[in-house]
Amino acid sequence: MSMQASPLGARRRSASALTNSLSPKILGQAALSAVLKLDPRKLVGNPVIMATEVVAILSTISDVVAIATGVAAGFAVQISLWLWATVLFANLAESVAEGRGKAAADSLRASRVTTKAKLIIDPKTGTIVPTPAHKLGIGEIVLVEAGDVVPADGEIVEGIASVNEAAITGESAPVIRESGGDRSAVTGGTTVVSDWIKVRITSAPGDTFLDRMIAMVEGAERRKTPNEIALAVLLAGLTLIFLIATVTLLGLGAYSGVKLDPLVLGALFICLIPTTIGGLLSAIGIAGMDRLLKVNVLATSGRAVEAAGDVDTLLLDKTGTITFGNRMATEVIPAPGVRPEAALRATLMASLGDETPEGRSIVDLARDQGLTLTAPEGATVIPFSATTRQSGLEHAGNAWRKGAVDAVLKSLSLEPKQVPAELMAAVDRIARSGGTPLAVSENGALMGVIHLKDVVKPGVKERFADLRRMGLRTVMITGDNPVTAAAIASEAGVDDFLAEATPEDKLRLIREEQAKGRLVAMCGDGANDAPALAQSDVGVAMQTGAQAAREAGNMVDLDSDPTKLIEIVEVGKQMLITRGALTTFSVANDVAKYFAIIPAIFVTSLPALGALNIMRLTSPQSAILSAVIFNA
Amino acid sequence: MNWQGWAEIALTLALIVGLGWPIGIYLARVWRGDRTWLDPVLKPVEGAIYAACGVKPDKGQTWLGYTGAFLAFSAASFVLLYLILRFQNLLPLNPQGFAGLTPHLAFNTAISFVTNTNWQSYVPETTVSTFSQMAGLTSHNFLSAAAGIAVAAALARAFAANRGETLGDFWVDLTRISLYVLLPLSLVIAVAFVGLGMPQTLAAHVDATTLEGAKQTISLYPTASQEAIKQLGTNGGGVFNANSSHPFENPNAITNLIEIVIMNALSFGCVVAFGRVAFAHAEARALVAVMTILLSLGAAAIYAAEVQPAPAQVAAHAAPGPNMEGKEVRFGAPSTAIWTAATTGASDGGVNAMHDSLMPLGGGVALFLIQLGEIIPGGVGSGLYGMVVMALIAVFVAGLMVGRTPEYLGKKVEAREVKFAMLAVLILPTAILGFSAVAAVLPTALAGLLNHGPHGLSEIVYAYSSAAGNNGSAFAGLTANAPYWDTTLGVAMILGRFAYAVPVLAIAGALAAKPKLAPTGGSFPTDGPLFVGLLIGVVLIMGGLQFFPALALGPIVEHFQVLQAVAGH
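Protein chains in written order, with numbering that gives the first Met the number 0: chain A, 0 to 631; chain B, 0 to 568.
These are computed hints drawn from the structure, not numbers from a lab. Misleading hints may appear alongside valid ones.
[To be verified] Calculated lysine-lysine pairs in the BS3-like style (CA-CA distance at most 30 Å, straight line):
1) A/K515 with B/K42
2) B/K42 with B/K55
3) B/K58 with A/K515
4) B/K58 with B/K42
5) A/K134 with A/K115
6) B/K515 with B/K58
[Claimed, not checked] From the derived model, a few chain A residues whose C-beta atoms are all more than 10 Å from chain B:
7) E139
8) S202
9) A533
Beta carbons are placed, not taken as given, at the ideal position from N, Cα and C, and that holds for glycine.
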């Protein structure tokens, strides 16, 4: 399993650039589509707005009749106008949200392949037939050369190439794709910049990654999420309750001598039903996907976004998510009798030729402690070899070495017993804390020990604490041994860890968590992550990862940043919270209106109720009109 | 208002909740089929009943099976009771020689007792034979109560289940609840009542000569046994027309206290048992808190309204004192207040005062308590499941605000549950407001109305609220024994019972099939003061939204009119 690491909060642009603006053009189209959405057939899914429209139609008809028969209809016309405005505003909110998605889709569509692909019809001779991309079938092999656009999603069967995936990820630096391993997947719409590859097509025409992405942002495949459906049911129920309450007022009112204009009742009904949330429900759903898109994550369904908000357990890969991924030197412990400066200098000299991240971290450490040296002229770099297990530098008869403690001791012909106990204790301490001890020698003398450790990213601990407050359990997954894993786990503040993890362990862990009734989120990129990704409730695949992983997950992170998992959970929660808050606001609002309006309606006929007319509304007309306006 | 009055109300409430606890602990054992100390006596009886009826107690039923059994049992009970009432003249134990009931009255009465409503369109003393009382009505006091508790047991098991398929067996629940809970408790209470002076006899009546020398025929019945289950099973149908304000049904202050306590204790017990069976002790305590708080508020409001002298009395410079019209002088305002709150909150419907004669606001509170859905603490079993439906709605609204799919007692609340919860909630406004609005303009219906103006409207709305809420108490002032009223009230009772219980069982089926989730820090806590407050808010708001217009046109406007009329003097 490998993982493309990128520092916390790294790249952040691309697809969002496509969607962020609220241009006049989008607004114009949205206004048009808001009017088109007045078609009752399109409102069936939204009972609240549907009800508003029905009342608006009825009241308009009664207006026309009233005007035709010469009855004063000023009040009635006002009511109708405001009702129509309510419906239009609700439609507009949805259209704007959809319009932004459409704009993003249009720019994606532009990158779809229009050129002909080079279909290899005979692998032996390599005969090529130019074929339109949309006619390629699954399993067929195409040749893609420098400058060509990859015609469809596929797996590289032969060759290596650098590929510009800007069309998908917005990242313009080309990435290397090669056959075999976890980097063999290529995406339709990306461009091969150098070399050539042979690609076996894995997606049917119209179902490529790009197609799905277009469909997603367009909202074409958007189905209502479970919570959205439940909320719609609740709102429909409330609407019905209000319908019953207002319709029965006809009878109850007639008994009490209150003459109620059906129009007034209709308008009252609209004031009562939760139009605010009814109008915004689908817009919020679309906005959730849009927000994920802004952090460069593509969800295959709104359901997945919601599931993200519900996640209980986060499986996080240690490398790249919790730690920087490379071990770094944090201290140099001098051997007894060696001055700390001498030990540090020897350590630095031994590392000057070491271009590995560990070596560079030693140079950084020395610089931080005020020691800067460059390799002297004519120095010989002794590279690391598997047999000696040490590396170093030689110059003018001086030799500096650093390496595994036992290897260095062996080359110095020292038994562990001969080493000062103090130093061995330090070595022990480092190993137990999960770090890696390296011994340093100068001209055959043991100078000290370097402490290399996996450094936890700054801010990670606080973030996990936040997650814990939200009720999330974090589990660190690592290939390290349990000792190292435990040390890092406690430093990072995760709730649990899985050491020496194999993909099978990961899958088992997910199943165990799910058996306890928890929802699990994880991210992965290797083909061997695919089963775990499929098993998890929220599986975030890396865009750079294997095709199998991308298909198994229900989200794809275009930045291939494993820390993104945390943001995804936050977006999911925010979507649910926004919707919940709006619902409560909308309903509370209606309740307040209700108790204010009812007495006002009755007060003309039953003056005794004047005591309850807290808003001092003078007539049912003024009460209703002010409420309808407020409602809109 | 005085401190003795408040103390009496507080003490009664404390006794109700205090007695509910041990009953709940015992009831939970009965639901689970655990051993009880009555096993040596009752286990053989239970086994014999299963053997005779061909019940396989360990098999379990799916929610459809359970619902089917519940409906089939209720339907069969209805038919049997209808026939008994229609043809009581042909049956034994009819010392008074009463004729069979008219079809509409038999329909209304049979429905009334099968749905645990005990609305009494009939006048017991002059209509119903001793056999009909005992074999027909009293037996259904047991069985309809047991059926309601059985539905609650099924719901509790649904919350306890982890991907379960069955909800238990309706026939087993019915048998065990009747046998282990209702019968022994009623027996104890009935004996106590006899000791406190209630008649228990098969004789028809005694003849007495009054002080003026007039001859009076006073009906008798096996009153004590009927009275025990009437209150214990939140039935409320008295053997006398005056119900528990009749000296035989409620001879003294002690019986009055016992009757108030036992008409709520088993409903609270159902909540406690629910908590134990569903592994949700703390959450059940929260539900008990919600019920207790609302019940206390209701009792306090009625007490505050009823100790006021009637404004007309004040205007006439009459001796100041509480409004005593329609109250038993033996009990006074505080006992009436707590009883009225308890009987309307609990879907009992037995009365110790005439609700029609309460002050407009006092009557309005009683009406509103019924309209809240009979959930504080509601009927036996039905109060619990009604409150759980409210809790599901509360959790759904609040859960969305904490950014998670809402869950209650470890079960996710999703579209299906919300759908059935709303369906159940919709039944009350449909039945109450729908029928009331029609009756309010229908001359046939209005013919039975004795009062006009807002008070008349209150009477109409109260009648349908009582029927749909399966309460059974009457505002009176309404001649309900007429084909139109008997029929529509009967339909309202059916809707209030079955159109509510079936969605609840559907919810139970859906919940049982879901995995039982472990609570996490991110779950919305459903056992603390925050949730108690939220649930009270949801209950009051839902009730207010549905019934505020009707209440405004009835008791509220009447209140202001009374005040204005007095001010105008």
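Taking the closest pair, is the beta carbon of A/S202 still more than 10 Å from chain B? holds (32 Å)
Given the hinted pair A/K515 and B/K42, is their Cα-Cα distance within 30 Å? violated (37 Å)
Do the alpha carbons of B/K58 and B/K42 lie within 30 Å of each other, as the hint requires? Status holds; Cα separation ~18 Å.
What's the verdict on B/K58 and A/K515, does the C-alpha distance respect the 30 Å limit or exceed it? With a Cα-Cα distance of about 27 Å, the restraint between B/K58 and A/K515 holds, given a limit of 30 Å.
In terms of Cβ atoms, is chain B entirely out of 10 Å range of A/A533? Holds, since 19 Å exceeds 10 Å.
Under the criterion that the straight-line Cα-Cα distance not exceed 30 Å, is the pair A/K134, A/K115 satisfied? holds (10 Å)
At 10 Å, judged by beta carbons, does A/E139 keep clear of chain B as stated? Check passes; 43 Å lies beyond 10 Å.
Within 30 Å, alpha carbon to alpha carbon, are B/K515 and B/K58? holds (22 Å)
Taking only the CA atoms, is the gap from B/K42 to B/K55 under or equal to 30 Å? Holds - the C-alpha atoms of B/K55 and B/K42 are around 15 Å apart, at most 30 Å.
Checked against the numbered hints given earlier, this structure breaks only hint 1.
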